[in-house]
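S.K.: Here's the letter readout for the chains.
There are 2 protein chains.
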Amino acid sequence: MCRSAPPSRSRRSTPFRTLTGGLGGLSGSGEGHAPAAGKMAPGSAKEKNGTRESSSNVSVHNPHLDSMKNDILYHFNLGTATHDLPAMFGDVKFVCVGGSPWRMKAFVQYIAGELGLADPKEDFPNMCVGTDRYAMYKVGPVLSVSHGMGIPSIAIMLHELIKLLYHARCTDVTVVRIGTSGGIGLNPGTVVITKQSVDATFLPRFEQVILGKTVVRGTDLDGDLAEELLQCGKDLDSFETIIGNTMCTMDFYEGQARLDGAFCSYTEEDKQSYLREAYAAGVRNIEMESSVFAAMCNLSGLRAAVVCVTLLDRQKGDQLTSSHDVMQSYQQRPQMLVGHFIKKRMGCPALERGCCKQ
Amino acid sequence: MCRSAPPSRSRRSTPFRTLTGGLGGLSGSGEGHAPAAGKMAPGSAKEKNGTRESSSNVSVHNPHLDSMKNDILYHFNLGTATHDLPAMFGDVKFVCVGGSPWRMKAFVQYIAGELGLADPKEDFPNMCVGTDRYAMYKVGPVLSVSHGMGIPSIAIMLHELIKLLYHARCTDVTVVRIGTSGGIGLNPGTVVITKQSVDATFLPRFEQVILGKTVVRGTDLDGDLAEELLQCGKDLDSFETIIGNTMCTMDFYEGQARLDGAFCSYTEEDKQSYLREAYAAGVRNIEMESSVFAAMCNLSGLRAAVVCVTLLDRQKGDQLTSSHDVMQSYQQRPQMLVGHFIKKRMGCPALERGCCKQ
Chain G
0 MCRSAPPSRS RRSTPFRTLT GGLGGLSGSG EGHAPAAGKM APGSAKEKNG
50 TRESSSNVSV HNPHLDSMKN DILYHFNLGT ATHDLPAMFG DVKFVCVGGS
100 PWRMKAFVQY IAGELGLADP KEDFPNMCVG TDRYAMYKVG PVLSVSHGMG
150 IPSIAIMLHE LIKLLYHARC TDVTVVRIGT SGGIGLNPGT VVITKQSVDA
200 TFLPRFEQVI LGKTVVRGTD LDGDLAEELL QCGKDLDSFE TIIGNTMCTM
250 DFYEGQARLD GAFCSYTEED KQSYLREAYA AGVRNIEMES SVFAAMCNLS
300 GLRAAVVCVT LLDRQKGDQL TSSHDVMQSY QQRPQMLVGH FIKKRMGCPA
350 LERGCCKQ
Chain L
0 MCRSAPPSRS RRSTPFRTLT GGLGGLSGSG EGHAPAAGKM APGSAKEKNG
50 TRESSSNVSV HNPHLDSMKN DILYHFNLGT ATHDLPAMFG DVKFVCVGGS
100 PWRMKAFVQY IAGELGLADP KEDFPNMCVG TDRYAMYKVG PVLSVSHGMG
150 IPSIAIMLHE LIKLLYHARC TDVTVVRIGT SGGIGLNPGT VVITKQSVDA
200 TFLPRFEQVI LGKTVVRGTD LDGDLAEELL QCGKDLDSFE TIIGNTMCTM
250 DFYEGQARLD GAFCSYTEED KQSYLREAYA AGVRNIEMES SVFAAMCNLS
300 GLRAAVVCVT LLDRQKGDQL TSSHDVMQSY QQRPQMLVGH FIKKRMGCPA
350 LERGCCKQ
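Going line by line, the protein sequences match chains G and L. First residue of the first sequence? That's 0 in numbering that gives the first Met the number 0, and the numbers climb one at a time after it. First residue of the second sequence? That's 0 in numbering that gives the first Met the number 0, and the numbers climb one at a time after it.
Careful, some of the hints might be misleading.
Here are the simulated lysine-lysine pairs, DSSO-like style, with alpha carbons at most 30 Å apart [said to hold, decoys possible]: (1) K104/G - K137/L; (2) K104/L - K137/G; (3) K104/L - K120/G; (4) K233/G - K315/G; (5) K68/L - K315/G; (6) K104/G - K104/L; (7) K233/G - K194/G; (8) K120/L - K68/L; (9) K315/L - K212/G; (10) K233/G - K104/G.
Non-contacting residues of chain G with respect to chain L, defined by C-beta distances greater than 10 Å in every case (computed) [said to hold, decoys possible]: (11) F238; (12) I242; (13) E253; (14) K315; (15) M335.
Derived from the structure by calculation, the hints contain no laboratory data. Being a predicted model, the structure only gives us computed values, none of them experimental. By construction, the Cβ of each residue, glycine as well, lies at the ideal position given by its N, Cα and C atoms.
Please build the complete structure, drawing on both the sequences and the hints.
M.R.: Here is the structure:
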């Protein structure tokens with residue numbers, strides 16, 4: 000069921016790495032359309048100059064794709080018959096995704112400047128021309144894509160992003176979600192790198208409904224990548240950065256125990272009790288996309304991380320009352336951290352000389 | 000638990016109407032934080048000039064709101080302390096919501112022209128200044144708001160919209176979602192007015208997680224309003240319009256049995272079987288927002304309808320292959336239908352003379 004990228008004459012052999020799970024098992028009675036476990040090819044690694052070099056493709060798990068003459072990535076307004084995806088995206092190594100189109104444009108401008116690839120004041124064109132569903136920007140090996148708010152919105156984007164990377168024959172891609180969140184027991188402005196994404200009952204799982212049946216998928220994220228990002232936070236030494244669990248909810252108000260929605264049937268005490276339970280389960284922040292992001296990146300063999308800043312401490316309030324400038328500075332922190340990470344990964348000479356902007 | 004709009008010296012007495020349900024009961028064991036049923040005030044009606052006149056407020060169900068000095072509607076970038084919401088929005092009688100910001104801007108331009116309230120070529124300002132989460136436009140009594148894709152995204156918007164209408168002391172508001180969808184057994188371009196919004200197992204319910212517990216809410220929509228909209232379709236006689244059930248899913252690809260996502264573990268036969276089951280349950284189209292829309296409008300006493308055009312027949316394919324122009328013309332149909340409805344409701348003199356644009 001697993002498909003690596005289609006062969007290309009100009010491409011070196013890059014079998015994809017072994018994944019740890021398939022498409023997930025049906026929960027409940029097990030009746031109905033049980034999804035087949037993805038058949039994974041073994042990982043590959045080769046020695047080069049004494050160091051272990053491995054490369055991994057982006058995997059899709061869909062036998063139907065091979066028979067499609069054209070694959071229209073509808074919400075990106077891109078397609079295999081209308082766009083030369085390998086030429087446009089084949090060199091992508093880092094994909095940064097976030098809710099807001101404005102923030103993802105700001106990120107590409109920031110990273111362009113940090114990597115010295117373009118003038119950060121340049122008006123980067125949105126590659127999703129003719130649609131307002133998502134916005135996409137690219138500079139060098141970095142792709143920056145917006146995903147809107149909530150699991151369904153990011154899931155649509157990820158289906159099309161994974162297919163895009165597959166069609167473009169990308170290898171060794173790292174995907175990072177940079178976002179905002181509510182914190183628990185943390186100073187506002189703390190950056191949380193997600194260890195596990197947990198649901199509203201604090202379990203590390205994502206429930207995907209397929210043909211009316213629920214399939215449970217895991218939501219672990221890459222531990223090594225999380226540690227690497229934590230080290231980047233230490234390098235920068237500009238704000239607090241921690242690793243913790245992230246609760247992913249379906250709703251911003253009732254789903255996150257806020258007292259300020261249009262509907263609220265619980266007390267302040269109920270709210271505090273729930274947040275204490277979450278904290279005891281290792282939850283340090285709450286957002287709305289990480290579970291399906293982790294599940295889908297796992298399935299497609301993408302190394303993935305979630306890096307979110309906390310805008311407030313939910314134990315102290317619900318409303319976002321900080322000034323616009325403070326909010327803006329908080330929102331730049333995940334960008335700074337991931338920018339530093341990309342520079343390190345790319346072996347930025349300026350960074351090695353200690354003269355790169357941090 | 001239910002709050003009608005705050006009193007105003009300049010405002011006539013308008014007690015809100017009786018709702019049919021509270022915040023929903025907990026499913027499962029009933030342990031934990033059972034939400035209290037909303038306490039509803041009885042509906043009111045008074046005779047005036049021999050006709051029965053009734054008016055209804057927009058209800059919130061949150062006792063905490065009264066103690067807040069400022070209510071920041073964060074994702075709209077509006078607030079009670081920073082904006083005079085009654086002055087800005089107090090005259091709103093129709094709210095149209097849809098996924099795409101561009102489409103909602105196009106709608107306000109269209110309705111401005113239809114109602115003769117402004118030049119449709121005017122560049123209406125986005126009232127959500129300084130944020131890109133949602134876009135909001137207003138002309139006369141019509142508010143047009145985008146909601147992004149998926150249940151969580153529209154739910155955030157609706158929490159803040161309901162509070163906005165409440166703070167603005169609006170009365171007798173009708174809310175219509177105008178959107179796009181996949182059809183089942185219908186010619187592409189057919190407009191479906193939703194009778195019931197059903198989940199992926201074809202049940203008319205929406206599951207809201209509150210403090211980690213699942214609360215089930217009903218998803219019926221206003222039957223009289225649906226019939227009134229159907230009549231508008233007949234008046235226009237420009238495209239096929241029907242009333243049917245709408246399936247609301249959490250995902251566009253696997254959740255809707257598409258064969259063209261990054262992951263697909265089922266066969267074409269499985270897909271067709273699932274769509275046949277859906278059709279047998281009265282489902283005529285599939286989208287991603289109607290269930291929480293119906294549930295939240297029910298709770299707040301808003302008359303609500305969902306009017307979506309079908310872009311394709313899902314029994315015949317999954318990809319959206321029609322030309323840009325055809326897609327555009329389809330997407331205008333819900334706008335035309337709702338535009339006609341608003342004109343009728345407002346007793347548009349031009350419409351009565353038979354010379355209003357249709």
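S.K.: Which of the numbered hints are not met once you compare them with the structure shown?
M.R.: The structure conflicts with hints 8 and 13, although it agrees with all the remaining ones.
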